[in-house]
Every structure is written in structure tokens, then in C-alpha cells.
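Colleague: One letter stands for each residue in the lines below.
Protein chains: 2
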Amino acid sequence: MAKVEPRILKGFRDYPPELMIPRMRMVREITEVFERFGFAPLDTPAIEYSDVLLGKYGGETDKQVTRFKDQGDRDVTMRFDLTVPLARFMAMNRQLPKPFKRYQVGNVWRGEKPGPGRFREFMQCDADIVGSSSMMCDAECLVMAHTIMKRLGLDAIVQVNNRLIFRGMQQALGIDSDEQMTIVLRILDKYLKIGEKGVREELARDATIDGTRLERICEYLRISGGNEDVLRQMESMLGSAGEGKAGITQLREVFALIAQMDAPASAFQIVPSLVRGADYYTGTIFEIVLPELISFGSMGSGGRYDGLIGMFLNEDVPAIGLSMGIDRTLAALEELKKLPVASSPAKVFVTAFSAEQYAYSIRIATVLRAAAIPTELALDPDAKFKKQMSYASAKGIPLVVIAGPDEAAKNVVTVKDMTAGTQSQHAIDTLAAHIKGALQKTPPEQPSGTSGA
Amino acid sequence: MAKVEPRILKGFRDYPPELMIPRMRMVREITEVFERFGFAPLDTPAIEYSDVLLGKYGGETDKQVTRFKDQGDRDVTMRFDLTVPLARFMAMNRQLPKPFKRYQVGNVWRGEKPGPGRFREFMQCDADIVGSSSMMCDAECLVMAHTIMKRLGLDAIVQVNNRLIFRGMQQALGIDSDEQMTIVLRILDKYLKIGEKGVREELARDATIDGTRLERICEYLRISGGNEDVLRQMESMLGSAGEGKAGITQLREVFALIAQMDAPASAFQIVPSLVRGADYYTGTIFEIVLPELISFGSMGSGGRYDGLIGMFLNEDVPAIGLSMGIDRTLAALEELKKLPVASSPAKVFVTAFSAEQYAYSIRIATVLRAAAIPTELALDPDAKFKKQMSYASAKGIPLVVIAGPDEAAKNVVTVKDMTAGTQSQHAIDTLAAHIKGALQKTPPEQPSGTSGA
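Sequence order for the protein chains is A and B. In terms of our numbering, the first sequence is numbered consecutively and its last residue is 476. In terms of our numbering, the second sequence is numbered consecutively and its last residue is 476.
Heads up, a few of these hints could be off.
[Said to hold, decoys possible] Heads up, simulated DMTMM-like pairs for lysine to aspartate or glutamate below, C-alpha to C-alpha not over 25 angstroms straight-line:
hint	chain 1	residue 1	chain 2	residue 2
1	A	K410	B	D96
2	B	K268	A	E379
3	A	K361	A	E379
4	A	K92	B	E379
5	B	K26	A	D452
6	A	K121	B	D96
7	B	K136	A	D96
Simulated from the structure, these hints should not be mistaken for lab results.
So here's chain A without its partners, still in its complex pose (with noise of 0.2 angstroms):
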């Protein structure tokens, strides 16, 4: 055979055990808290019918995505999101008892520009409800994306709006054309970013917005304080009547229902220049940000969207959904540093002193297994020493076990902890507790934020 040169595909990566650890512990945190509220696990193929992935966008999506002829000629593209194959599996499945609480974790694929942080393959993590307009779905993925970033150790923000507001702007300004509309939402939404001489520019020269309307839409901007506050001035702008109102109610409702949650009210915040960008969002509509991080963006978002789901049955079906960003939180962490390094899951190592001390050493292996504590064993009882030591501390294992005849002797083991440096003498049958106790005491893998530490 011709030797092959092994390269992997540019906008690809591999995801080497200390890259998968973090991020297999995220995913298993996110999903622990969609259980908690009752959300169930569903999974959809990779590949789709063109026809059906691509239906209702068309244009600017079709060239950014995988799109090819598979063996039997039929026109397939990889999933890009997790929502449209929901929206198709609603409606192969009318059956089912409504509201539908389901979560994805899946990779999708993207024929975007690689680029730094940018890829073609990554994981997206969404939990969404079908089938109910009740404000309380919208309060539990409020309180779910609080819940999740707490757990991870994060003091997040979820910025809060409503899209039915700017309905009722577009209204309040007698703006007749959804197009200028459009313009308007999309200057609006980089507020933060541009500020109000940013905005004032943008909106004059693009959208054509001028005279009381583009004071009416700076004095709507500026709008701050408690959320209480902020309702009451938005309530003021655009009068009593119409979809802003509606949309108003909306966030007092959403804003009473979290409160009754024993969610902190100062994690939740109404932002009223967030627009986001997709333009099916009809109601609420959120995003995570870390105030001490906030260059790097969201850390996940979502929105109510209740146009979508129906797609393939042209008819409205309410849903609401939330999308964690696996990765962008991720890197979040590792920015605060509180993504401790390990490239095994494993917590203990366990030596082999010669072949002859071997058995001795699988048996320490056997009984730390057995108490469920991630171990890993010397697979050469021959190899010296110290190299098995520094294999242990390459692979950032906490704890090694040395066990010579000595110790066997005495049926106890030597415990040397890798990070304090210190050693300590057990017995076999005290040996996992101590081990569990000492784990705990410094969690090596847990985020230092969620062990209170």
C-alpha cells in the first residue's frame, strides 16, 4: 500500500480526551438540568432530503451548507441546526401529546469559512417546547439558562426582550414597509456594540429614519433601570394598545412566573435594544452573557418562535426554545480559568511494583473499581517506576497508589496525592473511602465554582 498522509479536513478538529472531558462534563450538566425540567432526549439523522433542510430558506442558507448526491442519487444535505429537523419530526409525528419538551445534543454541519473558532462541524445543545403559548414555557427556559450557567460555575445575565415590542414600535412610528423594518431591527440590535451615535448614523443613512422618529427610537433605546422600571417607560412609548403592549404583558408575566421560581430577579434583565438577529423569533427572546466577559459574546440564546414548527404543515404551532453554546462556554472557562486540565478521567492510579507484586496491584485496582472511582492500572508491571509516575502526572491523574511488597505485606497501601505532594498509608479496606473523602476535598475536574471552593 502507498503510505497515506494522515491530515484531517480544514474547518475539522479532533477532540482529544482533555478537550472531550470538559466538554462531555458540560454537555452532562446542560442535560441534567433539561431532565430536571422534564425536557426528553431526542435524535434525528445527520443527513435529510435537501428538499426538506432547505425548504423554507433557500437562498443564503443553501450555500453554506453540505449539500451532495448520496449512492442512490437523492439530493441530501447534512443537518445546519437542530430546529428545522424538530419542525419535520413534529410533523411526521401529529400524534404526539402536547406540549412536546424535547432536548438535542448533536453535531451539524456548516459549509461556512473556517476560521478561528469557526468550524464546520460543531456540537449544538437545544431544548425546546412545542405546542403551548403559556408564558410558563418561556419562564422555565429563562430560569433553565440561569440554572445551567450557576452549575457551571458562571455568574451569567440573561438578557430578556420581546419581539411583539417592536411590532408595536413599528406601529407607535407608523413605519408601513416590514423591509425599512427589518433595517431598523438590525442597526437596533448593535446598540451595545455602536452605541447611540453608531445607531443615529446607521439608522439615517440605511433605514432612511429621520426627524421625531429617529428621537422616539434614541429615547427607546435609552430606556434603562429595574425591569419594573423599563416596562413602565416602554409602556409609555408605545401607549396601551397593540402588539407592543401585548408584548409588555408578556414580560411581566414572564418576569412574575421567574420570580416564583427562586430564581435571583437580578440574573434576568430587560435589554430593550436586543433584537436578535433570525428573523422567525415572534416573542420573548434571550441571551446569556457573562458582564466579565462580555467580548466574547453569548454563551447561548433563544426565543419563541412560533411560525416555525408548523412549516411543513403551514399552520402556526407555538414553541419556545433555548441553544447553549457548548463551545463559546467552554471557552468562557477556560478564560477564568476554572477548566481544570486532566487528559484522563481517571483519579487514581495504581502502580505495579515488579511481576511478582502484580496481583497485588490488580487488587487495589478491583476494589477501587468496584467503588465506582475512575482508576486506571499499570498495564506493564515491569515498566520502571518512574516512568509509570510521570505518565500518571502527563495525564494530570490526582492520586497514585504504590503498593511494594512492604505494603502488601501489611495489606495497606502508600497514597501519594500528585498535586499537594504529600503521601499517606492505607488500609485495603478503608482505602476507597479515603479516596472518595480525599476527591472531594479537592475536586480535581469540577469547576471550581460548583464545589463551592
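Add chain B to chain A, keeping to what the hints say.
Modeller: Quick look at chain B alone, frame taken from chain A:
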């Protein structure tokens, strides 16, 4: 927009919650055992350069893969196993400390003709040790196979053999042609299915084996008894030299190590006719079978393959792996009625009595969620009680909490056990503890074999 017909590609399927819940639980159990043995998670891209994935195989495999030109006109292929990507990863990361113990759970894609139980997208769940020839690797893989099945509530037998034994047989019989021996092996592997008569016929017809050779092969296949018995009979047939002898020594060593690992000897059985298809195995080979469901085939399998991982480096790198058959094992659990049905991970459904009482329901759900109990809350406070009950019942949620004004006045709730049909009242303070206790008594989502029930 013209209406798009929602449909799914042939050979692909959705995993609705009732399939995903047991599947995810199984993956969790398996990976938990992998981690207990010190294996670390790895992930690799779904798509790779075709020459990288297909280089070694070409021909046969080539037709069964999903291969296409990507946006950049690159010749790419979707991964069809997790072993070739591991070999590519090892070649690109030569600095990794050895032994490298990784597990990988991920979908693979094959262009096979779809049929009952045969899909073009399916999940693989592999654990491999790269870089060690120690028989302890083989022992760990075998014990993991047994531990996993036990945790899933299945009484499995791990059938074991060693490919060196067949090399010894080839030497002992003086079969010069490797091609002829390959045909012999393919026939021997069918021994348990077609019996001695079938093997005799095929050996004579397809492998042109007759006379003394045929008799000696049949004598070999008839070897049975306890493992040490079997080893002694193999020994006397193959003599005390060459690769056959080495295979017997390896088997003996592996079984001695297993005996030190608290694994019941009866769960591991040397089966002389076990060959396993793939050509790349070089030593220990094994298959996990269920004596009560032999027709289901193997629940998992693996072996030592010292020639594959180094394919990109053109050198031998020792390696051994275990691959769990997720879907087949799920089917076996279903057949044995050990697969409880639920379409929600929620253990409790909290009903809503009325809009006025809704705050009380929210409070209950919040308390349960804070206690890590997966809880679904009625999202519409005005929904009819009967509708709420049938929703909880349709989803297989085992406990329902009822909280009306009478209950609220006394700070209690009524808990209904949906399986037993019984009801009891509990104070909010002790509710979570009661529910945890009730769930432990009849764990509704545990395979019965693991709970002792």
C-alpha cells in the same frame, strides 16, 4: 412557499424519547464502566479525506461508504467506523503517552442496503488500548465486557479465542496458502451455526480440505470442557512450538489475570471455533453472547489487532479494542422485557389546579427540581385536570403531584403513584425525600436486573 412533504431518507431513523431514553442510559452505563477502567473520551470528525479513511481498504468497503465531493471539491467520506480515525489520530499525535486508552461513542455511516434492523446511520461505542502488548489489556477488555453486561441486567458469556491458535493450526496442518487458510477460517466460524456436518461439506467443497487434515480440524472443533481442559487439548493438538503455543500461552495468561479481577470464571469461555470475520485480528478475539438469546448474535465483540493502528506509519503498533453493540443490546433488553417504557425522563408530574393556585404548583416543582428530581410542571394552569392526568400517563411519568387549595392551606400535597394507583399526602418539607424513597422502591427506569428487584 410550496408545501414540502416531511419525510426521512431510507435507512435513517428518528430516535423519539422512548428510544432515546434507554439508549442514552445504556451509553451512560457503558461509558461509566469505560471511565472506571481509566479510558478517556475522544472524538473525531464525521467527515475525512477519502484516501485517509479508505486507503487501507479500497475495494469492498469503498462501495459501502458515503463518499462525495465537498464545497471545495475535495474527495471526502463519512466515517464508517471509529478505528481508522483512531489510527489517523494516533499517527498525527505521536507524542501522546502510551498506553493510550480511549473510548469513543459516535455515529458511523454505511451505504449498505437498508433492511429490518439494518441502518445507514448507527452508533458505535468503542474502547481501545493502543501501545501496549501486555495481556493485562486483553484482560481489562474482557472484564469490561462482562461488567457492562452485568450492569445492564444481562447474564452474558464472553466467548474467547486467540488468532495465533489458527496460525499454529495452519503450521501443524502444513497449509501453505494463506488464501486457502482464509477460506478455512471463514467456514470454521460457522461451526456453531451449521454444525460439524456442514463444516465438513464446506471444507471439502470450498477449501479442498480432506483426509487427515479434515479429521484433525474436526477433532479441533470438537474440543470442549472447562477452559483449562480446552487449553490442554489444544496444546496436545498443536504441539509445544510456534504460534499455536504462543496463542495458548496468551490465553492462559489472560485467564489468570481475569481470575485476579473478581470476575466470575464461568462468564468467560474459550470457544475453539470462534474466528471473527475481520482479517486484522492478531491475538485475543472475543464475542459477548446471551445464552438465552443466542439467535440475537453478539452484543459486542473485539480483539487484538496489532497491525492496524500503525497503518499510517507503516509499522506495527499493538492495540486491542472492545466494541459494544448498542442497538442489538437494546433489542435484547426489549425482548427480555427488561426495557421499561417512558417517553419522558420526568419522575414527577406536578398538576395545576387553577390559575389562582398555580403559584403553589410552581413552588412544588421548584422544590423538587432543586432536589435534582426530574419534574414536569403543567404549563397551562387552566387545562382540565383529566387532560393533565392523561398527559402524565401517556408519557409514562410514575408519580403525579396534586395540589389544590385544601392542600395549599395545609402546606401539603397529594402524591399519586401511577403504577400502584395509590395516593398519599405529604408536607412540602418532606416531599422530596418521600419521592426519592418511592422512586428507589420501584425504580421505573432501571432495567430490573440491576436493581435487585
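Colleague: Out of the numbered hints, which ones does the structure contradict?
Modeller: Result: hints 1, 3, 4, 5, 6 break, sorted rising.
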